[in-house]
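> Chain by chain, the residues run as shown.
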Amino acid sequence: MTGMTAVVASCGNYSNEDLLYMSAVPSSSQLAVVLPAAATTVMQAELAQDTHNGIGNVNTLLDDVLGLVDAIRSYEPTSRTSSRRTWGPFADSNHPGWQWELVVNRTGATTFEYELDVQNTVGGSAWVGFLTGTFDLAGGVKQGSGTVKADFAALATAAFPLDDSSRPLKTLSITYQNFQTPGSPVSVTLAIERMPDNNGVTSVTFTYEILADGSGEIAFRLVGNVIPGPAIETLALNAQWLAAGAGKATLAVVSGDGAGMAQTECWDSTFEATYNDKPWSATEDVGDASLCPVLPSFQ
Amino acid sequence: MRSPAKRAPRLAAVFGALLALFAAGGAHADVLHRFAVIAGNDSGGADTRPLLYASADASKVYDILTRLGGVRAEDATLIIDGGASDVLSALAKVEKQAADAARHGEHTALFFYYSGHAKDGALRLGESRLPIDALKGLVSAAPVDVRIVILDSCRSGSITRSKGARRAPAFAIESESPRDAKGLVILTSSASDEDSQESDAIGGSYFSHHLASGLLGGADKSGDGQVTLFEAYAYAYDRTVADTAESAAGAQHPTFSYDLAGNGDLVLTDVASRHEGVYFPRQAPSGVYFLVDRQGFVAAEINKGDGVDRRVALSPGRYRVKRRLADRLRVGEIDVPRGALVTLEEGSLRDAPFSADPVKGGSRVDLSSRWSVGAGLGFQSVFEAPDGAGLFPPTALVEIDFALRDFLRRDWVLGFDLAGGSANGVAPVVETPFHFSEASVAASLTVEWPHRYLTPFVGGRLALLLMNRTFEDNVFPAQFYATLSPGLVTGAAYHFSRSTSVVARARLHYLLYNVNGNRSLGYWELATMVAYDF
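Just so you know, the sequences run in chain order Z and G.
The opening position of the first sequence corresponds to residue 1 in the numbering used here, with each subsequent residue numbered one higher.
The opening position of the second sequence corresponds to residue 1001 in the numbering used here, with each subsequent residue numbered one higher.
So here's chain G without its partners, still in its complex pose:
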């Protein structure tokens, strides 16, 4: 195991050399056409324990690179819970795009980020494997000027959850600069004999969390509003080592391998141009500030020095702020409107005991599970089988859904829904108009696959249907029917903001009709609704 003490001199030498490069070449953010392939997978196959935050970490990095990193959305690919073939396809696509860009005289850069399991010399993407050597070969051969590979992978853990399940053989990346890969940078979350750890308290892996915080502005040591590759790494390194030093799994030391071959330092994010987020003025007290989002996760963790200012390019929203002192906390709230840089005033914070820590942590259920509610309109139609013709008319429904996410298991959704509607029909044979009404209450269990914008889902549902009809002029007595109806549900939610989404959903149900002997009918439903996540 490498120790921080041994690592420090080497880092100093690296930074010395890079500063010289930087002075000579300057940062090239504005001339680079940037591409990104970002993958996260919580599953590493049958012999690994599922991770909790790998996908979330990947989504966070994707958000930062496309929002602040100069990567256009059409040049970025986010792969959540995908396989090795998805990664290879994305790299092939970038290769083609980069070649086209190069033909137009553009300088190009490729960011590859992976968060998930890695073992036995391969990234573990679900049941599939992607050998590290093959990945390095592909990235090295990509027709781009700069290649940046960031791997957040490893093993084990106890109080804090670590990535991976068993020790040995270690996941190793050569930290020395390969001679055949000009313009190649590789960052890993831990050394070759270390675990990479996740934390419930911060809702992600330590390394990705601090890397993200750095890219949001925390790492802008120069104070020029731009975060370079080396600033980001140095920040992530320091904070990761500090946070994991006392963990049971031991300190975790990120590694850095580079060969920029005259490209100088590289600006990764430009937080100044965004002019949106939180501004820490020079006079703000020094210390580590936690900015906590609505779900209780740390959106950014900023180590502010004395007499320096910091910009943190957070997304619009409401955040709780915490700074930890020796005997108490300083806490408060701050709203970040869209397009506004809000200054954090020390006077807006108040003293609070440690028990009022807004960073939850500890309980997975408290952190993960959340309610959402949705309302919308649907349409239901019973299949017009010969035996069922004219029984139940097509009906418009008003629906209300309640969903508890990540309660039973991550990405499982326990849902409850209510619906009601009415329609007019004509009873065949007797040619009598009737008014039909229906109410339903149901429970469902679905599995969803969250992506940045789109979350598809599929599952099962059990509905209690209560149907009634009354006849014009009461020529016949009212009739009713009640039944339990099992079915399948599928659909997708499109997230157009952090908390709000539009859901399109289809259901297919079995309907037992047994008034005049058993008949197996069925019905389908289509619905669209607006959902809000609490």
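One chain only, chain Z, in its complex shape:
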């Protein structure tokens, strides 16, 4: 058979194993938060809009970070071993003089670790780790859990030319579970550490959970000097919704100036406010709490 093999020409990237290694690294679309589509109404509830805006920012950030991985793994692996797939090095066409390499290692029967590194080819400097992650497919590749950490500070230290939106960021940490199974509960937690922005925000924590029936919950937690005054505030925005779109959100000042204040707002499936209780601006209050939808219990 060896002789026969020698004369038979074959080529390609047709591989089930490659798919498994690719699955260890989530794509941006797999972790993106998908809310019921916002209706175009001039009366869209304030906190519903804030929720959509916040999620849009998160998805943009995921695109920036994991889009790079998506682009790299769209190619055939450069090399394969029994426990490793390597993509690259690939030159970064947007940043001449820099190249990327993605290495995915299988560390156990169900566990993977991966690392996306960048190197300055001009200066001949060492590889710098930008993205690291783990994945455990125990229970099935679509019901596994994983972590992703992006180290923007390391890129800045290596003088990688970050864009304006990425430059203030220090780290992005993501944990996720069941991220690919339609109809199954999904849980994603995302934490951002950054340099203080105009509002003094230094960290954002984001938790996202979708239940099997399509209803979901998002919780944002910001730390920064957002409210005028000497103290650093912690703000929490909790939004919950039904699959049809109707939902409820509460914006609370957890600590700092104005601690204890909270706004509660409900909206219907057209995202028009049905109830708004805004203590610091009573003129904006509408409806009553009985108009809020009945929501399921979230973790």
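Treat each hint with caution, since some may be false.
[As the list claims (entries may be wrong)] If you only want the chain G side, here are some residues facing chain Z, beta carbon under 10 Å, derived:
| no. | residue |
| --- | --- |
| 1 | Leu1404 |
| 2 | Thr1432 |
| 3 | Pro1477 |
| 4 | Gln1479 |
| 5 | Asn1516 |
[To be verified] Partial pick of chain G residues on the chain Z-facing surface, computed with a CB cut under 8 Å:
| no. | residue |
| --- | --- |
| 6 | Ala1427 |
| 7 | Tyr1481 |
| 8 | Leu1512 |
| 9 | Val1515 |
Hints were generated in silico from the structure; no laboratory data involved.
Note that CB positions come from ideal geometry on N, CA and C, so glycine has one too.
Position chain G against the provided structure of chain Z, taking the given hints into account.
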């Protein structure tokens, strides 16, 4: 060597005696239960040169006897490229059938026809031998009332190919009537010291060609629509001698030995009852008419006399007609529909130069090789070895085949095929649906064994496989794989008409998969298709 001049008086005496028998007893075609064993073998073993048309001649005779000769298909055995044991088995089977028929009070007749090599006192069927004496003994002892043995065998040749490879010792059949064999007739294609010759121009041996033409109606000298044994022999004799007189191998003289023992003449074919073929009216000019089939072979060669008519019981199909004059040809075409007797009108023929002769001849490749095309459906499945599980899903294929027959060698088929198909699958481990598509282009070389209805074949094939899959929602990039895959192919074609057949085929292929290290996989394919021979 015997000369025609010496032979003629003896033939005259024979026919005189037979005419008397015929007048007294009449023809018995309608009361005879007829059996036939017909064998043709192009190969005569290691020390002989392969013949080209022995099998074709046997098939032609089989067709005539079962179509026009009153032999039922279940009572006829055609042995193409078989061995001596096949012939002996067939004779044993006939012996049993004939004995059963005799117990039911039926008169019986056995036709034995052989076309192929004969040397050193034996028929040469491939590597096997069947001694002539043993054959005569078997046939003589068969429990039938009439036995007719026709042997088209012999040796050598140059411009026209002759049967056999070397001279001496001659293949001899006693032409005198053996006293212990009542109702025995033996026809041979040539005298004991002569070669029997094949011709590319007519696509067969001279003797079998003229015998067949005679049986189709050309030999019906009496004009009663029936061809008797003596009419057929006389026609074959005259035409064979005439055609071979100028050949380098010399004239070939068929021989005839008989002892009908009161059975009278025997009707071999009944061309009138068939009412299908070509009718030459009385007013048609006399001469030799060639009826040429689509492959360029002479299906019948009819020597029409002045003021007589002739029926030629050709199979349905389109034929070109040629009559040769001193300075030109008269050519035309005629269609024979199923169940119709078509009259050949002289006015439908036109003058043509000799260069437009529809009888090809000369080049073996031109005569023998032919294209066929087929189309059909197949199914392919990669063996589910542990390493290959879930890689390539079972796939339905649409296939187109092109085949060039008898190009490299007789009964070798050089084939080219294209196939394409698609299927849906789910990638294991990642549980992701995908759409799989495949295209292949391949070349094959097979050997086939043509029989009247069934042609089995076996050979090798080399395929270039191009496989691709795309994933639902593009969650993964598309993947492809290309490989050369060697394999084996076997199957059979069933011919339900002269040009059309249904093919059933199986393939077994090796598949190298080397994306994640070398893995030896395999796949099988089954296909059925309809093929058309040009």
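> Tell me the numbers of any earlier hints that the structure contravenes, in ascending order.
1
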